[in-house]
Amino acid sequence: MSDGGGRIDRDRRRFEEIVRGQIKRDLKRYVTGSEMIGRRGRQLVSIPVPHIELPRLRFGRNGRGQGQGEGQAQGPADGSAGDTEAVGAAGSEPGQHLLEVELRLEEMAAILGEELELPNIQPRGRARLSVTSRRYTSISRQGPRSLRHMRRTLKETLKRQIGSQTYDPDDPRLLPDADDLRFRSFREVQTPDHAAMILYMMDVSGSMGREQKEIVRLVSFWIDTWLRSQYKSLETRYMVHDAAAKQVDQDTFYRLRESGGTKISSAYELAAEMLAQQFPPSDWNVYLFHFSDGDNWSGRDTEKCLSLLRERLLPGVNLFCYGQVKSAYGSGQFMKDLDAAVADCRNVISCEILDREGILPAIKTFLGKGL
Amino acid sequence: MSRPGDDLRSMQAAVEELARAAGLDFPEVVYELVDHQQLNEIAAYGGFPARYPHWRFGMEYDRLIKGHTYGLQRIYELVVNTRPVVAYLLSQNSMTEQKLVMAHVCGHADFFAHNAWFSHTEPGMIDTAASHGARIRALCDQHGLEVVESFIDRVQSVDNLLDVGAMGRACGRPGNAPPLDRGASERDVLGHVLRRGRLADWQHEVLSMLRDEAYYFLPQMLTKIMNEGWASFWHSRLMTGSLLRDAEVVDYADQHSGAMGGDGTLNPYKLGLELYRSLYEAQGGGRAGMARLFEVRAVHNDLTFVDNFLDEDFCRRQRLGRDAAECAAAREGLLAQLTNGGQPVIRVVGDGGDELELEHCWSGSELQIEAAEDTLRNLCALWGGTVRLRTRLEGRALLLSCTGGEFSREYGELLGPPAPPDAD
Chain A
1 MSDGGGRIDR DRRRFEEIVR GQIKRDLKRY VTGSEMIGRR GRQLVSIPVP HIELPRLRFG
61 RNGRGQGQGE GQAQGPADGS AGDTEAVGAA GSEPGQHLLE VELRLEEMAA ILGEELELPN
121 IQPRGRARLS VTSRRYTSIS RQGPRSLRHM RRTLKETLKR QIGSQTYDPD DPRLLPDADD
181 LRFRSFREVQ TPDHAAMILY MMDVSGSMGR EQKEIVRLVS FWIDTWLRSQ YKSLETRYMV
241 HDAAAKQVDQ DTFYRLRESG GTKISSAYEL AAEMLAQQFP PSDWNVYLFH FSDGDNWSGR
301 DTEKCLSLLR ERLLPGVNLF CYGQVKSAYG SGQFMKDLDA AVADCRNVIS CEILDREGIL
361 PAIKTFLGKG L
Chain B
1 MSRPGDDLRS MQAAVEELAR AAGLDFPEVV YELVDHQQLN EIAAYGGFPA RYPHWRFGME
61 YDRLIKGHTY GLQRIYELVV NTRPVVAYLL SQNSMTEQKL VMAHVCGHAD FFAHNAWFSH
121 TEPGMIDTAA SHGARIRALC DQHGLEVVES FIDRVQSVDN LLDVGAMGRA CGRPGNAPPL
181 DRGASERDVL GHVLRRGRLA DWQHEVLSML RDEAYYFLPQ MLTKIMNEGW ASFWHSRLMT
241 GSLLRDAEVV DYADQHSGAM GGDGTLNPYK LGLELYRSLY EAQGGGRAGM ARLFEVRAVH
301 NDLTFVDNFL DEDFCRRQRL GRDAAECAAA REGLLAQLTN GGQPVIRVVG DGGDELELEH
361 CWSGSELQIE AAEDTLRNLC ALWGGTVRLR TRLEGRALLL SCTGGEFSRE YGELLGPPAP
421 PDAD
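Respectively, the protein sequence lines represent chains A and B.
Counting in our numbering, the first sequence runs from 1 upward without gaps.
Counting in our numbering, the second sequence runs from 1 upward without gaps.
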């Protein structure tokens, strides 16, 4: 509906503003499920779907567990009015609130891309890798129950019953037996792919606190998810630095707390070495992300950083992103210097992340160019 | 959005002819073809695309769209209880699905036209909802969106306090909400507020419109099992009777079982369908069985339907329970969910002068008390004086009072043992 479409978008926007606490703060306490990442399993992420439950006289539990009692049934105008058929969702009665949604990472990346209107990435470099993927396009006689293909199975039954003249069109009962069962099955497909690598660098000097690291963790998680949806084979490397830089594993990256001064050039120097030795930009799509509170040791070191960037890093990489996380101690000077120095480079993006609310805008800023 | 083409129209004619021949009696049905986004939007507005603006519809839309995107649920169609009956079809549906949906819609349309609980609902509800929408939009322009919206928030916090029984007494007089010319009934809390609350003129107008809509939707909530069951009974009967072509059987079976599926949770489609079927069988099928079904669909609501026809034998066959005790528990649980539409029974025991006094009729389950307090605050803001609610908490009588945002709890004597933690 051309006119109605605007209406629902307005109502939805208003809802989202309430969820984010931008308007009507008195309703904020009725919001559930507005976190960005719920639980994380091996392949699954659950994204809570935000919901606002207006207070009502309803049945519910009282006591120690504060106000979490879900009533027995939904309120009248609250349920799905009209007549809504939710078919296919096993037992998910329409009108019920989906509190959490579990989905695979690649699906989530697609949704993320859609919601943030991220452009697809145009890979560079030769397609030198070939990856094997499984496509569920064929049918087999064996398989797990969860992959059972009901239509094909019943078709087999039908064929057999017609063949053996046990099919009665007036009483079209189909009784599949073991031989009729058919299952979805995969074929392995080789597809050429582009190689890509991400290098995350984080300032772990004393001024980066727990909250700052948590923000970096969230931003990197989403970036990772998005880039993985764009490249089948993705190498990820982590580096931390204070006054000296070192490569670490993922776990250490998020947990390490060093203290000491900040020499950003140490990180850029190590990055340049890594690229030269392991990931030559002629073969790799390279993404560099650097997070810091922007409080570099000295102006001289900043000079050095900028020249490293211009001469050794920027010419080869797809994207260099600098995320400046606000901390109580940081002066934030580095971002100003960086912006001034590389204003002409189109593959540099910098962004300031004030708090958690700034995470999504930051991701959009970083990845919004499709580089 | 578009009107169906020739192929769908001739399909509609064929399906409806067969349905009428089988005894269904329904008003004209108008189909509209929509894509899933449009369908989700219309569903979010409860079937009325021109409804008043409110973030709650945006929330509902958000949930439906996400559910769709994540592949958790899919709406096939949506039927709106108006005259003519309007039904939205998903344009991506296959022809087999459209046929199934049309057969299903015939059942709903017949149910809307004949079930007693729908006898009074406004036939021109599409227009009514649209004019409510236009009026509230105008009031937003006049008084400010924030102000009007916050008022609507408050109303929605109490719009489940309706008189469920009023509909049975409407006796076919049109009008969604019970008229207030001779006062409001004791369970019609919204009606009391509308009559005696200290409301500005525009607030009075908004509350009146929202009360009307709440009462419009009430019968659908009270007959979910019966209505879905009836539609499913008929789509199944018509499709497997003569509508299905041989090539469509497997697809149909897949779709039908998808709708009837569900593990553990109550599926109103399945439960209703099975209840009708067992009732039909109990009469020995045939003409007598059919006559009984048509009678039942005209007079019952979910509560009386389940109460009368869900017996131990049915429970065992449907595997709702393995022995007498389990069956009884399943039955009791279901009845509790259906009583008063699953809402606590609240009645007005006094509205003298400044005070509105409510009583929660104890049925064994406690109110969620923090939510109750917040609700009372909202009600108090609408009422304009003092609002009290008598209920029970942890076995003691409890009187909640709210005056101008000030709140007090007064515990009374011990009335019985506290409700067991899993009483609800």
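Just so you know, these hints were derived from the structure itself, not from any lab.
All values reported here derive from a predicted model rather than from experimental measurement.
Just to be clear, a hint being listed does not mean it is correct.
What the hints assert, rightly or not - Calculated pairs, DSS-like style, for lysine-lysine (alpha carbon to alpha carbon, straight line, at most 27 Å): (1) K24/A with K270/B; (2) K336/A with K369/A; (3) K369/A with K66/B.
Verification of the supplied hints:
no.	hint	result
1	K24/A with K270/B	violated (41 Å)
2	K336/A with K369/A	holds (21 Å)
3	K369/A with K66/B	holds (26 Å)
Of the hints listed earlier, the one the structure fails to meet is number 1.
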